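Enquirer: Generate coordinates for the entire structure from the input sequences, incorporating the hints supplied.
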Amino acid sequence: MPDKKKDLIDQTLQDLNNDGVDRRGFLKCMAWAGTGLVWTMSGGIPVSRAFAKGYGKDAGKGADFTFVQISDSHIGFNKPANPDVTATLQTAIDKINAMPQKPDFIIHTGDLSQLSKPSEFDTLDQVLKGSSAKQIYFVPGEHDMLTDNGEQYLQRYGKGTKGTGWSSFDHKGVHFVGLVNVANLKAGGMGSLGNEQLEWLENDLKGRSASTPIVLFAHIPLWTIYPDWGWGTDDSEQALSYVKRFGSVTVLNGHIHQIMQKVEGKVSFHTAMSTAFPQPAPGSAPSAGPMKVPADQLQKVLGITDVNYLVSGRSLAVVDSPLVT
Amino acid sequence: MKKKQVWIAGVAVPVLIGIMLLAGTSSVPANAEPTAASAAVKIDNFVFGPQTITVPVGTTVTWTNADDIPHTSVSTEGVFKSKVLDTDEKFSYTFTKAGTYPYYCTIHPKMTGKVVVQ
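So the sequence lines, in the order shown, correspond to chains A and B.
According to this note's numbering, the first sequence holds residues 12 to 336 in order.
According to this note's numbering, the second sequence holds residues 13 to 130 in order.
It is worth saying that the hints were derived from the structure and are not from the lab.
Check the hints yourself; a few may be wrong.
To be verified - Over 10 Å on every C-beta distance to chain B, these chain A residues come out as not near it, computed from the model:
1) M110
2) I147
3) E162
4) L165
5) R167
6) T223
7) S252
8) R256
Stated by the list, open to error - Using C-beta positions, here's what the derived DEER-type ranges look like:
9) B/T112 <-> A/K145: 49 to 57 Å
10) B/T99 <-> A/E213: 36 to 44 Å
11) A/R167 <-> B/T99: 23 to 31 Å
12) A/P111 <-> B/K126: 51 to 59 Å
13) B/T112 <-> A/G184: 52 to 60 Å
14) B/V67 <-> A/K170: 42 to 50 Å
15) B/G70 <-> A/A296: 37 to 45 Å
16) B/V128 <-> A/D159: 31 to 39 Å
17) A/K197 <-> B/P62: 20 to 28 Å
18) A/E248 <-> B/Q130: 36 to 44 Å
19) A/G199 <-> B/Q130: 19 to 27 Å
20) B/K95 <-> A/A296: 21 to 29 Å
Treat the numbers as computed from the prediction; the structure is a model and nothing was measured.
The beta-carbon is built from N, C-alpha and C at its ideal position, and this holds for glycine as well.
Expert: The structure is reproduced here in structure tokens:
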């Protein structure tokens with residue numbers, strides 16, 4: 012990797028590392044090897060691990076099945092810190108193909124493209140074609156619906172879905188629901204599911220046994236990570252109220268280009284890294300919205316240092332992380 | 013920083029002339045040109061700057077995206093709507109009526125701004 016690029020990444024990771032937790036090497040590897048999370052379903056309990064760093068040969072052993080989440084490919088993005096996002100997506104796919112236990116499918120949690128251009132979607136298709144996974148499920152990111160209200164996205168990736176691209180499916184006893192929270196966003200708000208989708212979700216889950224493991228996936232986090240940057244979904248609480256009665260609920264998101272995890276009761280929330288470029292930790296850089304305090308004060312003011320990362324093996328966890336209280 | 017703003021203003025003038033020509037205002041004498049005002053809003057770090065801009069009636073406001081991420085500038089009341097602005101792309105709108113025009117980025121709706129036309 013060119014020195015200039017490397018320096019940039021090192022700087023970014025240094026910034027990310029301000030809480031003193033030693034995860035620099037991990038993130039570095041995740042950011043540049045092409046990233047994804049491997050999910051292993053074992054007795055209905057999903058276990059994640061980052062596969063970029065030394066995916067062990069015993070990984071996936073004893074698992075009911077495995078699937079992979081990738082996110083935020085941003086095909087078409089060509090600026091620092093990654094002028095070649097196609098190559099890093101390719102690396103991610105290569106890693107997936109090299110997995111000892113073939114994943115049953117891949118979930119892409121949105122921002123396939125940078126500007127919703129047909130050529131960008133074409134490039135993505137070309138790379139994903141090389142994947143050994145039999146099936147890829149998609150939900151759109153806001154970058155995939157920049158023009159034509161997402162019609163092109165729907166034509167390409169939303170066949171058989173409802174509304175702006177939501178759908179559900181069952182796989183080996185696990186119920187998966189892909190939600191869209193990037194359409195019809197309101198001024199001043201965050202991600203939004205909307206009433207029509209919420210109603211559909213309620214009906215979709217109705218009548219299912221509480222012992223059915225549920226996996227919800229959507230682009231923008233369905234938990235409020237950082238409202239000032241719009242890192243949350245305004246009506247996610249309503250959606251989460253429908254899954255409360257289930258014994259195992261896993262929520263998979265992208266959008267924030269970094270791993271965060273939180274466990275709340277029987278619901279575990281996870282965000283995946285991007286395959287394209289890293290983004291700063293919440294509040295660690297000057298940013299969006301009506302934020303008026305200096306960047307170096309943000310972490311104190313908003314309790315960013317209260318984010319507790321637990322390094323466990325090769326994965327990261329954030330347990331109960333009230334960033335803004 | 014200063015240099016860049018000056019440059020933006022320099023670009024806005026030909027845009028204005030273009031708009032006047034397009035509007036078919038051939039009867040407007042050349043000396044009317046200085047009365048046409050322009051103002052600039054810079055999109056930087058996911059913020060519209062200035063967040064509230066106050067301009068006289070007839071002003072053309074030009075938004076320029078200085079971020080590496082695309083943004084839009086869309087009136088919440090449907091008055092104007094930019095296309096998606098990639099890095100360094102611009103959008104201009106001429107405000108012909110007094111009033112307050114709130115707008116936002118439809119991609120990052122936390123980004124909001126206001127044009128006050130007096």
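Enquirer: Let me make sure I understand: some of the numbered hints might not hold for this structure. Which ones are they, in numerical order?
Expert: none
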